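Student: With chain S's structure known, arrange chain X on it following the hints.
So the chains spell out like this:
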Amino acid sequence: QKEVEQDPGPLSVPEGAIVSLNCTYSNSAFQYFMWYRQYSRKGPELLMYTYSSGNKEDGRFTAQVDKSSKYISLFIRDSQPSDSATYLCAMSGGSQGNLIFGKGTKLSVKP
Amino acid sequence: GAVVSQHPSWVICKSGTSVKIECRSLDFQATTMFWYRQFPKQSLMLMATSNEGSKATYEQGVEKDKFLINHASLTLSTLTVTSAHPEDSSFYICRLGGSNQPQHFGDGTRLSIL
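Which chain is which? The protein sequence lines are S and X, in order. Residue 75 in the working numbering sits at position 20 of the first sequence, and the numbers go up by one each step. Residue 79 in the working numbering sits at position 76 of the second sequence, and the numbers go up by one each step.
Treat the hints as calculated values from the structure; they're not laboratory data. Note that the coordinates shown come from a computational prediction; the quantities given were computed from them, not determined experimentally. Quick reminder that beta carbons are idealized off the backbone N, C-alpha and C, glycines included. Each hint should be verified, as a subset may be incorrect.
Here are the simulated distance ranges between beta carbons [to be verified]:
id : chain 1 : residue 1 : chain 2 : residue 2 : range
1  : X       : H88       : S       : N82       : 32 to 40 Å
2  : S       : E112      : X       : V65       : 33 to 41 Å
3  : X       : L117      : S       : G71       : 38 to 46 Å
4  : X       : H88       : S       : A84       : 33 to 41 Å
5  : S       : R132      : X       : S12       : 48 to 56 Å
6  : X       : G19       : S       : D113      : 42 to 50 Å
7  : S       : R115      : X       : Q45       : 27 to 35 Å
8  : X       : C16       : S       : K111      : 39 to 47 Å
9  : X       : L29       : S       : G148      : 21 to 29 Å
10 : X       : L117      : S       : D113      : 21 to 29 Å
11 : S       : I73       : X       : G19       : 48 to 56 Å
12 : S       : R115      : X       : P43       : 26 to 34 Å
Pulled out of the complex, with its shape left as it was, chain S reads as follows (with noise of 0.2 Å):
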């Protein structure tokens, strides 16, 4: 079993939607969670970073953290075409530490 596993899409919705992506891992361990944004040909940009379980808000995205499930979600409110990316999780235990990346979601918001 991977460290994380991440459903690799592609997702393709409708401007407007709401988009759920998620991720699962197996290491209890893990205490930082972030997402990162990743568009074509350049590197993944931090979203949102979480710490231990729990919701957290920024805009129209929202981080939920379920570590008893070993979960996490990204939610994203009234998607726009500039929200088109690669979507990628990462957990690692220490704030500082090498991260685990999932495979990332293609996601695609059709105007």
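Tutor: Frame of chain S; chain X shown alone:
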């Protein structure tokens, strides 16, 4: 603005050439730099961790003599792909670590070996 500046963004060269990729920290002291490789439709795979003033730590399966890392200052880390071959073609990305902002990546270098 950018926190990590990575150059070049795209390199095309002949097999056998050595290629140097630079990552420069613009706002923070880069005591640690992580180097990743990403193949198409694959996740980021950590290659090595470089620490300022000391030898880099390589992940299992990564040849340290082929991927030379130099981290001589708090603002600059370099990755040199020596005698590159077509199978080394990939997207190489650095990530800043060892500061209060550990999550920033460079924009990546697309390496194409002919």
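Student: All the hints need checking, so say for each whether the structure fits it.
Tutor: To see whether the hints hold, each was checked on the structure:
Checked against the hint of 32 to 40 Å, the pair H88/X and N82/S passes, with Cβ atoms roughly 34 Å apart. Range check, E112/S to V65/X: Cβ separation about 38 Å, and the 33 to 41 Å hint holds. Roughly 44 Å separates the CB atoms of L117/X and G71/S, a value that falls within the hinted 38 to 46 Å. A C-beta distance of roughly 37 Å is found between H88/X and A84/S, which places it inside the suggested range of 33 to 41 Å.
The hinted range of 48 to 56 Å is not satisfied by R132/S and S12/X, whose Cβ atoms lie roughly 33 Å apart. Checked against the given bound of 42 to 50 Å, the beta carbons of G19/X and D113/S, roughly 47 Å apart, stay inside it. A hinted range of 27 to 35 Å holds for the C-beta pair R115/S and Q45/X, which are about 28 Å apart. At roughly 43 Å, the beta-carbon separation of C16/X and K111/S lies within the given 39 to 47 Å, and the hint holds.
Distance hint check: the CB atoms of L29/X and G148/S are about 28 Å apart, consistent with the given range 21 to 29 Å. Checked against the hint of 21 to 29 Å, the C-beta distance between L117/X and D113/S comes to roughly 43 Å, which is inconsistent with it. The given range of 48 to 56 Å is respected by I73/S and G19/X, whose C-beta atoms sit roughly 51 Å from each other. About 29 Å separates the C-beta atoms of R115/S and P43/X, a value consistent with the hinted range of 26 to 34 Å.
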